[in-house]
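The primary structure of each chain is shown beneath.
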Amino acid sequence: MTYEQKNLRVVGTRPIRHDGPDKVTGRANYASDFTLPGMLWGRVLRSPHAHAKVLSINTDKARALPGVKAVITGADLPLPPPGVTQAGESAINTQHLAKNLLARDKVLYDGHPVAAVAAISEAVAREALGLIEIEYEVLPHVIDVDEAMKADAPLLHDDLFTEGVEPRPETPSNIAKRIVVSKGDIEKGFAEADIVIERTYTTKAVHQGYIEPQGCVANYAEDGQAMVWCSSQGQFVIRDLCITMLGMEASSLKVIPAEIGGGFGGKTTVYLEPLALMLSKASGRPVKMTMSRGEVLRATGPHSGSSMTARIGAMKDGTITSAEVVIKFQAGAFPGSPVGAAVMFCSAPYDIPNLSITGYDVVVNIAKVHAYRAPGAPNGAFAFETVLDELAHELKMDPIDFRAKNSAVEGSKSPYGPTYGPLGGIECLSSAKNHPHYKANLGPNQGRGVASGFWINIGGQSAATVVVNRDGTISLVEGCPDIGGSRASLAMMCAEVLGIAAEKVRPSIVDTTAIAFNDVTGGSRVTFATGMAVVQATEDAVRQMRERAAKMWDIEVDQVGWRDGAAQEMNGNRSLTISQIAQKAAKTGGQIMGHASINAAGAGPSLTTHLCDLEVDRETGKITILRYTAFQDAGKAVHPSYVEGQMQGGVVQGIGWALNEEYIHDENGRLENAGFLDYRMPVASDLPMIDAVIIEVPNPNHPFGVRGVGEAPIVPPLAAIANAIYDATGVRMRDLPFSPPKVLAALEAAEKTKANG
Amino acid sequence: MARVVLSGDLGRRFAGGEVEIRVEGSNVLRLIKALEERYPGIAEALESDAMAVAIDGIVYQDAMLEDVGEEAEVYFLPAIRGGR
Amino acid sequence: MAKSHVSTTVNGDPVEFLCDTAETMLDVLRNTMGLTGTKEGCGTGDCGACSIIVDGRLVCGCLMLAVEATGKQVTTIEGIGAPDRLHPVQQAFLEDAALQCGFCTPGFIVAAKALLDRNPDPSETEIRYWLAGNLCRCTGYDKIVRAVQHAAAEMKGQPA
Ligand code: FES
Ligand code: FES
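Residue numbers (the working numbering), protein chains in the order written: chain A, 1 to 757; chain B, 758 to 841; chain C, 842 to 1001.
Extracted from the complex, chain A is given alone in its bound form:
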């Protein structure tokens, strides 16, 4: 489907979202709001060690406790055949997943599950966990990515040999994979440069931080039919992972999507669901499991900490000639970090002739990392965009002009290969440069930072059904969990095609037995890909309604057009509204239902530029964000309020990552800050209003020009803040987070250098 410019009446407006009233009254049901009669409570016993051999597990005492109905360990979950399950967009190694669900001979991180119980109450379940006896032999552990790459580092897996290097190494290591993106000749490029800057950066693991902990209810019946109620970013992915883990058939498991309390990538895999199914099967009763916040932080996907070196060269006129970047990512306990995206996208806003970007995926003793909003891209942008800032300063160029001079445009070749279609990069930069924010005055100890970011956005499989009711209302059936207003934007696109009000379309998100496969809500794909499915399903319904109208008028269908929610006779002035057609549907062939099941491609990348003003308190090292403006190409904002909301939310996650958030481990590798008190996410009083400027450069591959919007906004803040700190203080900080003690130390070190110099 391609973009057509047309007058839009619904798309681009701001109706109240359809699921809004349920969510402001507490009526909406999330993962742990569901109960079944006779339900048991399940809980997980987790490793207290970062790395240890499991010598023995004895569950006898726990089983003997009155009220305990089932106990399971790794021995009860046979390894599935080796392979990769396509969990929507994430490729998940099935055997690693099984070992992550329940450890076998080895535990690989603090929080690694070793056993689970189901009991008549949560209290009994907790007590039972305390009765499980496990003998561990503690092993040396490694968490830092650079340490983990050393030849003498403690080895997590003795069968892991680095992929992507020729010849294949003969000894195992913690380096799971090396990936390289390159073009041109970097040394030639550096030789052409008048100035070359090389810097090293580190970032700590951070968490997605969704406020709703993982939870589920599972019910496994005697005949092998089962259901899971849970909140996830995709009920189909949960189903596929569960059936792969448990050797079930797809038609035997119904996964019912609860409302989801945030995911940001973290809810595209399973932690509890297979265990709850196993416990339900073993006990013959429904089982509910929920995680505590501590469990969420210890055992569910954080995002990789990283270590990066970026070297970029430019000529006096500001032309970037060459860039070399090395990026190392923590993968957690099993291979599979998002380092690939960091490699492919860190330089993607720019057209640079000579490039070499290398990424390493490295296993370490923390929970297996999982996707986090634009996975990997913020790390890469942190390194790349701060070196750019240094270059702009050295060249005495305005940082926006410097970026604009090197911007990729339509027809430029992307670092990952393909040639770009229309891109909004230049538009974001010029809009930032002309914005009053960029000209506003700054006071002492205040600074302004600029950074840009890129996210590719993806398409994927989506399905939609448009059911035309007798009264002319529409039931829109879809299968992508709504994390941030997607029901509204999908209903709006349906309403636009029909020519009716958005309120006349009622969207619902259904279980895995009620619609065809949908990839996860992720990759900023729903408004784009499911939107495309909705448009096609609606067009299918319109075509059928025109046919029915033709039958009712006894004329040829090509004599019937469609406008304003009604079939229109072309050579006459008769018209039939949706309800008039629907009321006769029984006589003209049965209820009308449009359908589409597609695999959408051509999502079109998002470009974004951020401006950040901040103040550094020289006494305490505290950084206060004073003003923040994000400029982003949304292609077309279907519901502008929710596009702004995505931008504001992404910016604030980035601010938290930059200023405070980090995983802190003690010397035994235990997570020290496994709670919201110490894993400090931004609160309202930390922040100013976040201005969101939506730029619309239509995506040629979508009927309304939509691009994804959800992920790009988290890409620039790390660098924008680092650059603003420099502007405020003259100090370059390269180790995240910029927490007060670190800022203070950096300021003091700079004072000392000055005094000595």
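Hints are computed from structural coordinates only; laboratory data are not their basis. Careful, some of the hints might be misleading.
Here are a few chain B residues that face chain A, going by a calculated C-beta distance under 10 Å [said to hold, decoys possible]:
#1 758
#2 762
#3 765
#4 766
#5 770
#6 780
#7 784
#8 796
#9 809
#10 811
#11 814
#12 815
#13 817
#14 823
#15 832
#16 836
Only pairs whose alpha carbons sit at most 30 Å apart, straight line, appear in this in silico BS3-like list of lysine-lysine [as the list claims (entries may be wrong)]:
#17 504/A x 587/A
#18 622/A x 754/A
#19 622/A x 316/A
#20 188/A x 396/A
#21 551/A x 584/A
#22 183/A x 790/B
#23 844/C x 61/A
#24 551/A x 587/A
#25 413/A x 790/B
All figures in this text were calculated on a predicted structure; none of them were measured in a lab. Backbone N, C-alpha and C define an ideal beta-carbon position, used for all residues, glycine too.
Place chains B and C with the ligands on chain A using the hints.
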């Protein structure tokens, strides 16, 4: 004939480095078949779920029947995961 | 251990329940009474998803023992607004798109109502500090703060 670029790991594994080649094939399925004749074993790598293909700049996560024009530019690249 | 018997008032209705002494008000609301509008995000008093109003004071349901409810007036999200009319804070959240996933929303609405009950004309800074005990990971707070400002304006415009 489409212009196919085998870059990064793919190029190294099957062509001894990055190569740009002209290949006959009016859709992705036929293109991969032609590539397999030239580089035995490559089809399995290209058809893996972990790969996506870009045809004239548009990225397809799972391509098979998509048209490949006479002058098309084709890249195979790792599929990307999303976080929202 | 014998359970404690508690008589209290929840959303205006007299309620009696039995609970373990260690049980929190949040657990009783959600698991015993089925009032699942009040959410649990942390269980340690750090996220505000469990915000309720007890005798006019904003408290974290997860930090209050259920036995402490004896003789108190408890208001939860289910007790805010009427079937025919949402509370102005609820209405403002809808109109201003102040929610994305909506999981933090009941807590924010309860907290914002508690604020406006005592301070009908809060400044932006007062709103931000009052709501600092409530975490939202989706919105960046911008639209939440605006919705509270909007609700305050609405409520002032209406005869009490
Ligand atoms: S659940 Fe009570 S404050 Fe988080
Ligand atoms: S709307 Fe999702 S946490 Fe606030």
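Hints, verified against the model:
| no. | hint | in the structure |
| --- | --- | --- |
| 1 | 758 | violated, 18 Å |
| 2 | 762 | holds, 6 Å |
| 3 | 765 | holds, 6 Å |
| 4 | 766 | holds, 5 Å |
| 5 | 770 | holds, 8 Å |
| 6 | 780 | violated, 16 Å |
| 7 | 784 | violated, 14 Å |
| 8 | 796 | violated, 15 Å |
| 9 | 809 | holds, 8 Å |
| 10 | 811 | holds, 4 Å |
| 11 | 814 | holds, 5 Å |
| 12 | 815 | holds, 4 Å |
| 13 | 817 | holds, 4 Å |
| 14 | 823 | holds, 8 Å |
| 15 | 832 | holds, 4 Å |
| 16 | 836 | holds, 7 Å |
| 17 | 504/A x 587/A | holds, 24 Å |
| 18 | 622/A x 754/A | holds, 22 Å |
| 19 | 622/A x 316/A | violated, 36 Å |
| 20 | 188/A x 396/A | holds, 24 Å |
| 21 | 551/A x 584/A | holds, 10 Å |
| 22 | 183/A x 790/B | holds, 27 Å |
| 23 | 844/C x 61/A | holds, 26 Å |
| 24 | 551/A x 587/A | holds, 10 Å |
| 25 | 413/A x 790/B | holds, 26 Å |
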